[in-house]
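As you go down the protein sequences, you meet chains B and R in turn.
Under UniProt numbering, think of the first position of the first sequence as 1, with each following residue one higher.
Under UniProt numbering, think of the first position of the second sequence as 1, with each following residue one higher.
Treat the hints with care, as some may be off.
No copy labels: a pair is met if it fits in one copy or bridges any two.
[Claimed, not checked] Here are the simulated SDA-like cross-link-like pairs (lysine to any residue), alpha carbons at most 25 Å apart as the crow flies:
hint, residue 1, residue 2
1, 40, 398
2, 4, 398
3, 469, 362
4, 278, 422
5, 494, 354
6, 513, 283
7, 4, 493
8, 4, 284
9, 205, 359
10, 445, 505
11, 513, 135
12, 188, 308
13, 191, 493
14, 205, 358
15, 278, 428
16, 494, 428
17, 469, 513
18, 205, 280
19, 494, 505
20, 494, 308
21, 40, 221
22, 40, 366
23, 445, 316
24, 421, 513
25, 188, 12
26, 4, 286
27, 469, 363
These aren't lab readings, by the way, just hints derived from the structure by calculation.
For clarity, every value in this text was computed on a predicted model and none was experimentally measured.
There are 2 protein chains.
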Amino acid sequence: MDSKEFREAANATIDDIITYFENLGDRNVVSTVEPGYLRKLLPSEAPQTGETWATIHRDMEGQIMPGITHWNHPGFHAFFPCATSYPSLLGELYSAALSGAYFNWICSPAVTELETIVLDWLARALGLPQCFLATGPTRGGGVIQGSASEAILTAMVAARDKYLRETLAVEAVAGEAEEVKEEREMRKRSKMVALATTLTHSSAKKAALILGCRFRAIPVRAEDGYALTREGLVDALAKCKADGLEPFFLAATLGTTDVCSVDDFAGISAALEEDGDKNGGIPRPGEPGEVWVHVDAAYAGAALVCEEVQRATRIELVERFHSFDMNMHKWLLVNFDASCFFVRDRSWLVQALSVNQAVYGNTASDGGLVTDYREWQIPLGRRFRSLKIWFVMRSYGIQGLQAYIRRTIALGEDFATALAKRSDLFEIVAGPKFALTVFRLADPKGETSLEERNALTRALYDRANATGKIWLTSTQLDGRFAIRLMTAVRTTEKEHIEAAVQTLTEVAEGVLKEARN
Amino acid sequence: MDSKEFREAANATIDDIITYFENLGDRNVVSTVEPGYLRKLLPSEAPQTGETWATIHRDMEGQIMPGITHWNHPGFHAFFPCATSYPSLLGELYSAALSGAYFNWICSPAVTELETIVLDWLARALGLPQCFLATGPTRGGGVIQGSASEAILTAMVAARDKYLRETLAVEAVAGEAEEVKEEREMRKRSKMVALATTLTHSSAKKAALILGCRFRAIPVRAEDGYALTREGLVDALAKCKADGLEPFFLAATLGTTDVCSVDDFAGISAALEEDGDKNGGIPRPGEPGEVWVHVDAAYAGAALVCEEVQRATRIELVERFHSFDMNMHKWLLVNFDASCFFVRDRSWLVQALSVNQAVYGNTASDGGLVTDYREWQIPLGRRFRSLKIWFVMRSYGIQGLQAYIRRTIALGEDFATALAKRSDLFEIVAGPKFALTVFRLADPKGETSLEERNALTRALYDRANATGKIWLTSTQLDGRFAIRLMTAVRTTEKEHIEAAVQTLTEVAEGVLKEARN
């Protein structure tokens with residue numbers, strides 16, 4: 001493909017994309033192909049000689065598009081959103097054209113420096129405490145990772161390393177033989193436990209699996225709004241200690257996947273500061289062996305661009321914690337991937353993840369003049385991901401981002417209000433919170449068993465999804481099957497929420513009518 | 001930014017990109033900005049109100065481009081390449097527009113299915129044994145990861161899991177108490193060791209750091225072409241066993257970063273099959289507790305599209321190993337990121353990495369009908385990366401890819417031939433191999449000490465890089481400072497190699513003249 005062919009193909013692609021977004025609402029949200037559909041259409045080997053763009057482009061529309069589920073469809077209410085916006089696409093396009101591996105500063109100074117700067121911009125916009133800024137007092141800072149899963153894994157590796165370094169030094173015996181020290185470390189490693197809650201995202205458990213360390217999920221309760229509380233954490237810590245375990249890591253969540261609950265930051269902080277008799281005598285914050293607290297705000301962290309959300313969540317309290325992560329690619333108009341991960345002290349990452357190799361040596365790095373982000377992450381190479389963040393933050397401005405977040409939160413409230421008006425049909429189980437509402441079929445007369453009600457709610461869920469107009473996901477809360485409806489997609493407007501309510505109402509009426517017959 | 005503004009901005013961006021590639025050779029390869037240059041130019045906070053594209057675009061050229069090091073510049077001879085091509089850009093563009101998280105099949109069936117299909121295409125094109133195909137006999141298959149570092153980490157996690165599962169079961173004692181079993185597992189974990197060589201990429205050591213397991217690098221020697229040999233591995237295995245360690249993982253390399261050496265696959269295989277008295281009695285391939293062999297072909301794996309490279313490397317032997325990884329984003333015209341990771345049995349990944357969460361449940365996944373790639377990788381979410389691979393393989397065809405690889409390998413040979421003609425100035429230390437030549441300043445009369453020769457070669461290196469016309473990287477081989485020159489960038493042509501030779505010749509003459517005075 002030469003320049004001329006590329007110009008034509010690219011301009012046509014741009015037109016395709018614009019047309020796609022303009023008519024997105026006319027498509028089915030979820031693909032309806034059968035498993036294995038594509039293998040029937042494609043040859044089993046790559047062609048020997050090159051094909052024309054016209055041929056490839058035809059197959060893009062004819063073979064690929066039917067197999068796409070449209071995450072930016074106005075009726076996409078499943079999971080959390082996966083963002084896109086025009087300025088973000090331009091950033092991705094430039095980034096792909098400049099394609100480099102950017103593992104250290106000299107590999108493109110602009111890539112490293114823009115990342116540091118826009119993550120400081122973002123930290124300020126989210127109201128994060130100064131300690132998470134690269135220009136802050138604690139040598140903290142942010143780094144863009146591919147996903148919240150990578151961020152929590154990176155945090156857990158750094159936490160394990162810090163815990164071992166600190167506690168092995170404290171417990172060291174003068175003149176100790178090497179084998180004795182090794183035995184001590186082995187025993188400690190086998191007793192270390194990462195904590196989360198039963199509503200923490202599965203990435204916490206996966207990170208513990210990867211590290212090969214123990215994992216405990218602290219139960220959270222409906223009456224606490226599904227949040228981790230001071231008492232819950234104190235009990236869990238005491239229980240760990242009673243079982244001979246050493247807690248070194250806690251995943252706290254701002255906006256759980258199931259219900260968007262927010263763990264009680266003040267309570268967590270108090271539990272860690274608690275009188276040692278109560279919480280098992282774990283080291284207090286700041287002491288060697290303190291519990292590393294990571295805040296997973298993958299989705300809802302975006303809403304912190306609004307001051308009212310900063311106040312409501314008391315975001316200033318996260319300065320007592322160690323790391324914080326949010327995905328701009330979920331709810332902040334930057335396309336996948338842009339997981340923005342902040343630490344209070346970047347040396348924790350560098351100490352855990354730094355591995356030298358002669359071929360990467362260079363004057364700027366060796367002189368310690370610059371940041372080499374390869375030491376802040378699991379992979380070596382990395383893309384120029386800050387460019388799309390820069391474009392989006394400048395193109396929308398803080399006020400534009402706030403307006404978008406507020407609009408989508410309001411849509412969630414509209415939806416919940418509409419459901420509440422039909423309490424004969426629906427019961428809201430959680431929310432509306434951060435543009436998420438969780439609900440199930442109503443049982444106003446209290447005459448339906450849990451199993452039956454779950455089955456009816458599932459029927460509502462399956463049939464609503466089968467319309468092809470909307471896509472919802474479900475969850476299980478204390479044995480109750482419930483439906484999640486998220487209203488944070490950029491293309492979703494009031495009219496789409498009204499249509500969703502109408503669809504759900506009609507389906508619910510049908511399900512209940514059949515049940516009564 | 002509305003559709004109209006986007007169309008204009010995007011079409012202008014396409015023009016920018018075309019102009020960029022057409023005039024790339026006129027720029028300095030490496031950015032010459034000073035550390036901290038960008039912070040002086042940018043505000044410390046994001047703007048409150050949105051800015052126009054014209055403003056942002058102006059700053060892209062004025063503020064960002066001076067800080068870019070051009071990885072696709074014809075004079076970029078550093079590290080390994082980071083690919084780009086026009087069809088790949090189109091794939092990235094569509095992928096960004098369709099932005100989704102794609103962690104399971106229903107999230108877009110086309111994303112999962114195209115990935116399975118194009119990785120089978122690629123496996124066939126590379127001559128990989130049938131066991132690495134999704135349609136092969138062993139339930140193997142490929143998955144696209146972000147980088148070779150992620151791939152080797154994923155392999156190592158799966159290997160650890162498999163090793164523990166197999167050996168703990170074999171060694172289990174009937175009626176064993178839970179504490180005894182735990183103690184056994186703890187001791188085993190503390191004795192497990194991952195093996196690599198002194199020229200294996202640093203990502204192997206980093207993966208071991210992340211897992212918290214031991215790591216040993218087996219020395220490789222110049223006289224063996226810097227390859228791991230049968231004897232080297234047998235000795236290392238025996239030494240591990242003598243030290244009470246349990247080897248569970250070996251990273252073998254096809255194309256090391258320093259010199260592009262290829263570990264001896266037949267020798268590795270023979271060492272693992274060796275009489276137990278010699279190699280410490282490790283379990284043989286196929287037995288419980290066998291050593292997992294991962295082949296890191298991140299860069300040079302691309303050359304396997306040529307049959308002559310398949311024959312020369314005896315690629316069919318990798319069927320005895322467990323996993324294989326190569327980055328299309330290095331030398332196969334797909335822009336970063338596209339690390340193609342193949343396993344012989346996908347259940348090894350799923351068993352190690354599967355974590356369920358109610359919200360991700362769906363009929364297709366729960367029924368086991370489909371592949372959910374989230375269970376084959378560390379992150380949950382993932383981009384639509386197979387699209388750019390599909391576009392590139394179709395647009396170039398296998399013959400187009402072969403022609404590109406052969407052309408760039410030939411450029412490396414041209415370069416080495418030119419250096420060899422000036423044996424008064426240059427000594428080739430390794431290569432030309434896979435478009436990489438490693439050399440240092442000559443010492444034809446044998447009158448220079450190692451230190452002095454290293455200093456002179458470093459002077460050659462620094463001054464050649466200071467011209468701004470080419471960018472080279474260096475390495476250390478047995479204490480010898482050496483320069484690497486890689487000729488695999490798409491834009492590099494014969495004339496650029498001739499120019500590089502001329503630059504190096506002039507600089508080397510100057511350095512030697514000064515040294516003699």
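Against the structure, the hints:
{"no.": "1", "hint": "40 / 398", "verdict": "between (48 Å within a copy, 21 Å between copies)"}
{"no.": "2", "hint": "4 / 398", "verdict": "between (39 Å within a copy, 23 Å between copies)"}
{"no.": "3", "hint": "469 / 362", "verdict": "between (55 Å within a copy, 18 Å between copies)"}
{"no.": "4", "hint": "278 / 422", "verdict": "neither (46 Å within a copy, 77 Å between copies)"}
{"no.": "5", "hint": "494 / 354", "verdict": "neither (50 Å within a copy, 38 Å between copies)"}
{"no.": "6", "hint": "513 / 283", "verdict": "neither (59 Å within a copy, 65 Å between copies)"}
{"no.": "7", "hint": "4 / 493", "verdict": "between (39 Å within a copy, 21 Å between copies)"}
{"no.": "8", "hint": "4 / 284", "verdict": "neither (65 Å within a copy, 57 Å between copies)"}
{"no.": "9", "hint": "205 / 359", "verdict": "between (35 Å within a copy, 15 Å between copies)"}
{"no.": "10", "hint": "445 / 505", "verdict": "within (18 Å within a copy, 91 Å between copies)"}
{"no.": "11", "hint": "513 / 135", "verdict": "neither (62 Å within a copy, 48 Å between copies)"}
{"no.": "12", "hint": "188 / 308", "verdict": "neither (43 Å within a copy, 52 Å between copies)"}
{"no.": "13", "hint": "191 / 493", "verdict": "neither (51 Å within a copy, 58 Å between copies)"}
{"no.": "14", "hint": "205 / 358", "verdict": "between (35 Å within a copy, 14 Å between copies)"}
{"no.": "15", "hint": "278 / 428", "verdict": "neither (36 Å within a copy, 68 Å between copies)"}
{"no.": "16", "hint": "494 / 428", "verdict": "within (20 Å within a copy, 69 Å between copies)"}
{"no.": "17", "hint": "469 / 513", "verdict": "within (22 Å within a copy, 77 Å between copies)"}
{"no.": "18", "hint": "205 / 280", "verdict": "within (23 Å within a copy, 36 Å between copies)"}
{"no.": "19", "hint": "494 / 505", "verdict": "within (16 Å within a copy, 70 Å between copies)"}
{"no.": "20", "hint": "494 / 308", "verdict": "within (22 Å within a copy, 62 Å between copies)"}
{"no.": "21", "hint": "40 / 221", "verdict": "neither (48 Å within a copy, 50 Å between copies)"}
{"no.": "22", "hint": "40 / 366", "verdict": "between (54 Å within a copy, 23 Å between copies)"}
{"no.": "23", "hint": "445 / 316", "verdict": "neither (45 Å within a copy, 69 Å between copies)"}
{"no.": "24", "hint": "421 / 513", "verdict": "within (19 Å within a copy, 90 Å between copies)"}
{"no.": "25", "hint": "188 / 12", "verdict": "neither (60 Å within a copy, 59 Å between copies)"}
{"no.": "26", "hint": "4 / 286", "verdict": "neither (61 Å within a copy, 54 Å between copies)"}
{"no.": "27", "hint": "469 / 363", "verdict": "between (57 Å within a copy, 18 Å between copies)"}
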